[in-house]
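K.L.:
Here is how the chains run, residue by residue.
Protein chains: 4
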Amino acid sequence: MSTNPEKSHNRPRTGGRHRNEDAHHSVLEATTALLLENGYGSLTIEGVAKRAGVAKSTIYRWWKTKPDLVMDAYAHETATRVPEPDTGTLAGDLTTFLTDLYRIGTDPTRTKALTGLMAEAQLDPAFAQPFRAWIATRRDIVTNLLTRATTRGEIPPTTDLTHATDLVFGPFWYRLLAGHAPLDPADAEAHAATLLHGLKAHSTEQH
Amino acid sequence: MSTNPEKSHNRPRTGGRHRNEDAHHSVLEATTALLLENGYGSLTIEGVAKRAGVAKSTIYRWWKTKPDLVMDAYAHETATRVPEPDTGTLAGDLTTFLTDLYRIGTDPTRTKALTGLMAEAQLDPAFAQPFRAWIATRRDIVTNLLTRATTRGEIPPTTDLTHATDLVFGPFWYRLLAGHAPLDPADAEAHAATLLHGLKAHSTEQH
Amino acid sequence: MSTNPEKSHNRPRTGGRHRNEDAHHSVLEATTALLLENGYGSLTIEGVAKRAGVAKSTIYRWWKTKPDLVMDAYAHETATRVPEPDTGTLAGDLTTFLTDLYRIGTDPTRTKALTGLMAEAQLDPAFAQPFRAWIATRRDIVTNLLTRATTRGEIPPTTDLTHATDLVFGPFWYRLLAGHAPLDPADAEAHAATLLHGLKAHSTEQH
Amino acid sequence: MSTNPEKSHNRPRTGGRHRNEDAHHSVLEATTALLLENGYGSLTIEGVAKRAGVAKSTIYRWWKTKPDLVMDAYAHETATRVPEPDTGTLAGDLTTFLTDLYRIGTDPTRTKALTGLMAEAQLDPAFAQPFRAWIATRRDIVTNLLTRATTRGEIPPTTDLTHATDLVFGPFWYRLLAGHAPLDPADAEAHAATLLHGLKAHSTEQH
DNA sequence: CGCTAACCGAGACGGTACGTCAAGTCTTAAC
DNA sequence: GTTAAGACTTGACGTACCGTCTCGGTTAGCG
Numbered sequence: 002m003s004t005n006p007e008k009s010h011n012r013p014r015t016g017g018r019h020r021n022e023d024a025h026h027s028v029l030e031a032t033t034a035l036l037l038e039n040g041y042g043s044l045t046i047e048g049v050a051k052r053a054g055v056a057k058s059t060i061y062r063w064w065k066t067k068p069d070l071v072m073d074a075y076a077h078e079t080a081t082r083v084p085e086p087d088t089g090t091l092a093g094d095l096t097t098f099l100t101d102l103y104r105i106g107t108d109p110t111r112t113k114a115l116t117g118l119m120a121e122a123q124l125d126p127a128f129a130q131p132f133r134a135w136i137a138t139r140r141d142i143v144t145n146l147l148t149r150a151t152t153r154g155e156i157p158p159t160t161d162l163t164h165a166t167d168l169v170f171g172p173f174w175y176r177l178l179a180g181h182a183p184l185d186p187a188d189a190e191a192h193a194a195t196l197l198h199g200l201k202a203h204s205t206e207q208h
Numbered sequence: 002m003s004t005n006p007e008k009s010h011n012r013p014r015t016g017g018r019h020r021n022e023d024a025h026h027s028v029l030e031a032t033t034a035l036l037l038e039n040g041y042g043s044l045t046i047e048g049v050a051k052r053a054g055v056a057k058s059t060i061y062r063w064w065k066t067k068p069d070l071v072m073d074a075y076a077h078e079t080a081t082r083v084p085e086p087d088t089g090t091l092a093g094d095l096t097t098f099l100t101d102l103y104r105i106g107t108d109p110t111r112t113k114a115l116t117g118l119m120a121e122a123q124l125d126p127a128f129a130q131p132f133r134a135w136i137a138t139r140r141d142i143v144t145n146l147l148t149r150a151t152t153r154g155e156i157p158p159t160t161d162l163t164h165a166t167d168l169v170f171g172p173f174w175y176r177l178l179a180g181h182a183p184l185d186p187a188d189a190e191a192h193a194a195t196l197l198h199g200l201k202a203h204s205t206e207q208h
Numbered sequence: 002m003s004t005n006p007e008k009s010h011n012r013p014r015t016g017g018r019h020r021n022e023d024a025h026h027s028v029l030e031a032t033t034a035l036l037l038e039n040g041y042g043s044l045t046i047e048g049v050a051k052r053a054g055v056a057k058s059t060i061y062r063w064w065k066t067k068p069d070l071v072m073d074a075y076a077h078e079t080a081t082r083v084p085e086p087d088t089g090t091l092a093g094d095l096t097t098f099l100t101d102l103y104r105i106g107t108d109p110t111r112t113k114a115l116t117g118l119m120a121e122a123q124l125d126p127a128f129a130q131p132f133r134a135w136i137a138t139r140r141d142i143v144t145n146l147l148t149r150a151t152t153r154g155e156i157p158p159t160t161d162l163t164h165a166t167d168l169v170f171g172p173f174w175y176r177l178l179a180g181h182a183p184l185d186p187a188d189a190e191a192h193a194a195t196l197l198h199g200l201k202a203h204s205t206e207q208h
Numbered sequence: 002m003s004t005n006p007e008k009s010h011n012r013p014r015t016g017g018r019h020r021n022e023d024a025h026h027s028v029l030e031a032t033t034a035l036l037l038e039n040g041y042g043s044l045t046i047e048g049v050a051k052r053a054g055v056a057k058s059t060i061y062r063w064w065k066t067k068p069d070l071v072m073d074a075y076a077h078e079t080a081t082r083v084p085e086p087d088t089g090t091l092a093g094d095l096t097t098f099l100t101d102l103y104r105i106g107t108d109p110t111r112t113k114a115l116t117g118l119m120a121e122a123q124l125d126p127a128f129a130q131p132f133r134a135w136i137a138t139r140r141d142i143v144t145n146l147l148t149r150a151t152t153r154g155e156i157p158p159t160t161d162l163t164h165a166t167d168l169v170f171g172p173f174w175y176r177l178l179a180g181h182a183p184l185d186p187a188d189a190e191a192h193a194a195t196l197l198h199g200l201k202a203h204s205t206e207q208h
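Protein chains in written order, with the numbering used here: chain A, 2 to 208; chain B, 2 to 208; chain C, 2 to 208; chain D, 2 to 208.
Please keep in mind that the hints were generated in silico from the structure rather than gathered at the bench.
Here the structure is a predicted model, which means the values were calculated and not measured.
Fair warning: there could be bad hints in the mix.
Copies of the same chain look alike in the list, so a pair counts if it fits in one copy or across any two.
[Claimed, not checked] With a straight-line cut-off of 25 Å between C-alpha atoms, the simulated SDA-like cross-links for lysine to any residue are: (1) K65 <-> T33; (2) K65 <-> G180; (3) K201 <-> A182; (4) K51 <-> P126; (5) K65 <-> G42; (6) K67 <-> G48; (7) K201 <-> P158; (8) K65 <-> G48; (9) K57 <-> D185; (10) K65 <-> A129; (11) K201 <-> G93; (12) K201 <-> T100; (13) K67 <-> S43; (14) K57 <-> E155; (15) K51 <-> A76; (16) K51 <-> P109; (17) K67 <-> L115; (18) K67 <-> F128; (19) K65 <-> R111; (20) K67 <-> A137.
Whole structure, please, built from the sequences with the hints as guidance.
P.N.:
Dropping the structure here:
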């Protein structure tokens, strides 16, 4: 998800002034702070530069666009990546995955980052592409998890996995974006339970 | 959903020049056209004014904000409101509702309007409020439909209706926004079927 | 100086509603009030209409332009026209005229009107013309007064009257516009005295 | 008279792109050209930007207001500052000063700039302040010149210098603004002569 | 007494320019 | 040769008034 500037250390350097790590951190911190204070919409590169006490061009050097910057701030906030669950049963996998997922909803920074990026993807076709790619990697985890369930015979092999994956992510994103109710990790279990019964009892056939 | 200026005829008018309906329509048409051509993100009031052959101030007179304008263009595009279904069975109601819902996905104007408005709601807290209100009216239709099902004994009375409603709208919005796959009205049936089994076989208990 | 709407009664009328004198007065009063409060620069027809509780079109019906309106407000403020003095001596005439002139400087409404109109004449070539015509009528009074003095032999017949008239009005307007010092009627006498000696002792020859 | 941005070089600069002198000059040239073509009244920042081929924001960066800009264009047009005359006699000083002053009337750019600034000062109270300050510096030259004459005994020590200074500048400005006759440097002599006799023969007493 | 002219209010309309903001690019000076 | 500073072009923002216009309604005088 991240255009991690840390990577830039890998390329050979012949000399010159070194990157100021302090400046780097202060940019990310300013981004996170402004994200929380005013939301993604009123977050501006100009504002981040001012807050971080950094030149605008310094930001542009390391992050091409606003979503890139927010993505990095998001990644910086949580170094712990969501691991792909493999408990041996669909119920276990699903519950574990959804509980982890719903936990994001309790972190305002991550919430604001995610909703902001989703918004950005709607407005900027250029960003929609990498965003969809990231979405796909997340979906793959669930698709794999469901594939394992079919091989174990827990759900019918005719199950439409694309559709099933939508049922996993959809309600989460919808609540995140529509904001009609808070996202409680406790809800994850109910979500998982309904899904399990829906998928087990009935195979949604491929069209 | 609409801040329909048509309504303003209701207020008492003692004098003053009447609204130019031609100008009004050309604004809405220009909005729709530009929405399709460039998307919500690059839609500007200035651009609409130019395209419509109308003064910028005329637009600002009738529509306070960009989302207001797009909302109205959206409403204008589809005078056919989604009726509240009442077929007598949950299966019928749900299938009817979801089929209608998924049909939106086949109309680019409505799709772009909806995703644009959802994006706007993430970016502009002031707009989030009326948007959430509209979301609520849509949710109410589903909640009513589910309530009838509980009184008929089709699903357990302990069913968490908020959660159940999320399962109806979530996957639709998720697919609309993430854009990983097209929205086919045919998918509505599968969605309805999975939901029916999930809700019937298992009661997601109230927390 | 005034584009007096009273004149409009002269044209033949076969019928129709009469002018609303109340509206008329309230416009002039609003103009005077706003002139004093915010100055000529921020005086707007729109503002006057609002303040007077009158439609903008009503103002435009009776006064073509902003300076027209202000001129009328100026005239309305002082019905007593400055009379052409004829005391029999240059000293008397000059002192009388200048004392009357300087008295304008003590009336804020008239002061603001005059300076505003002078400003308008610099900015709007179309208005400069009638304004210069009004200036000429004022100058003529002084020129006549000086002509009588030459026939009486009080000043040399070779005196350049245009130049002499400038010496009468110039310092008044300069002080009015530059605002470096208040205009005191008492200063009129000193002004007259210096002028008298300057003109008597020396004839400024025609070039 | 000028809010010269050249002065800003004095503040410490640690880096940053330098001001583009070409852009600077083209703005001033465009201002002068438009001033001559359409006058101060219809001079707009937007128009200057377009004519100069420069962004509006660039103009706003260096000149806060329209009068600031015109002032600078005026100063740029005439690098030759009017020197403070000191010939040893009042007659010499006055004639020299007035001849220089009246020469301004032959330069349309300077004339339009001056009348425009005077107009602006009437309309914009915020601008009136710095304008009056500039007026004061010009007056000081004359006041000094007259003070020297009193010490030399050329005019009575009781002469009201404020009033006398008005007699120097007033007719010039009046003719400039009222436009009833052109300003000819030849008239300066006549003006000086009348003034000399007026001041010598009669002391306008201090009040 | 009704016709008709002219008034008045309200306010919509196409315009123009305002001054602000942020975007993203580019140039220079310092380290 | 990276970094900070910041000048630059671009383009849209939302606002304020402009002067014109179209209404609905009122108020006279004339015939």
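K.L.:
Please go over all the hints and tell whether each is borne out by the structure.
P.N.:
Hints and how they fare:
In the homo-oligomer, the alpha carbons of K65 and T33 lie at most 25 Å apart inside one protomer (17 Å), although the nearest pairing across protomers, at 31 Å, exceeds that limit. For a Cα distance limit of 25 Å, the shortest separation of K65 from G180 across copies, 23 Å, qualifies, whereas the shortest one inside one copy, 30 Å, does not. With identical chains, the CA atoms of K201 and A182 are at most 25 Å apart between copies only, with a shortest distance of 24 Å across copies and 28 Å within one. In this assembly of identical chains, the alpha carbons of K51 and P126 lie at most 25 Å apart only when taken from different copies (23 Å versus 28 Å within one copy).
With identical chains, the CA atoms of K65 and G42 are at most 25 Å apart both within one copy (17 Å) and between copies (18 Å). Taking the shortest Cα distances, K67 and G48 sit within 25 Å of each other both inside one copy (11 Å) and across copies (23 Å). Proximity of K201 and P158 under a CA criterion of 25 Å is satisfied in both settings, with 11 Å inside one chain copy and 22 Å between copies. In the homo-oligomer, the alpha carbons of K65 and G48 lie at most 25 Å apart both inside one protomer (16 Å) and across protomers (23 Å), since each shortest distance falls under that limit.
When the C-alpha separation of K57 and D185 is checked against a cutoff of 25 Å, the pair qualifies neither within a copy, at 38 Å, nor between copies, at 45 Å. For the homomeric pair K65 and A129, the shortest alpha-carbon distance inside one copy (15 Å) is at most 25 Å, but the shortest distance between copies (28 Å) is not. Proximity of K201 to G93 under the C-alpha cut-off of 25 Å is found in both arrangements, the shortest distances being 14 Å within a copy and 22 Å between copies. For the identical chains of this complex, K201 and T100 are neighbours both inside a copy (20 Å) and across copies (23 Å), given an alpha-carbon limit of 25 Å.
Within a single copy, K67 and S43 get their C-alpha atoms as close as 11 Å, and across copies as close as 16 Å, so both meet the 25 Å cut-off. When the C-alpha separation of K57 and E155 is checked against a cutoff of 25 Å, the pair qualifies neither within a copy, at 54 Å, nor between copies, at 60 Å. Taking identical chains as interchangeable, the C-alpha atoms of K51 and A76 lie at most 25 Å apart only when both belong to the same chain, with a minimum of 22 Å there against 36 Å between chains. In this assembly of identical chains, K51 and P109 lie within 25 Å of each other by CA distance solely inside one copy; the values are 23 Å within and 39 Å between copies.
In this homomeric assembly, K67 and L115 come within 25 Å of each other (Cα to Cα) both inside a single copy, at 13 Å, and across copies, at 23 Å. When the C-alpha separation of K67 and F128 is checked against a cutoff of 25 Å, the pair qualifies both within a copy, at 10 Å, and between copies, at 21 Å. Only within a single protomer do K65 and R111 lie at most 25 Å apart by alpha-carbon distance; the minimum there is 20 Å, versus 31 Å between protomers. Taking identical chains as interchangeable, the C-alpha atoms of K67 and A137 lie at most 25 Å apart only when both belong to the same chain, with a minimum of 21 Å there against 31 Å between chains.
In summary, the numbered hints that this structure violates are 9 and 14.
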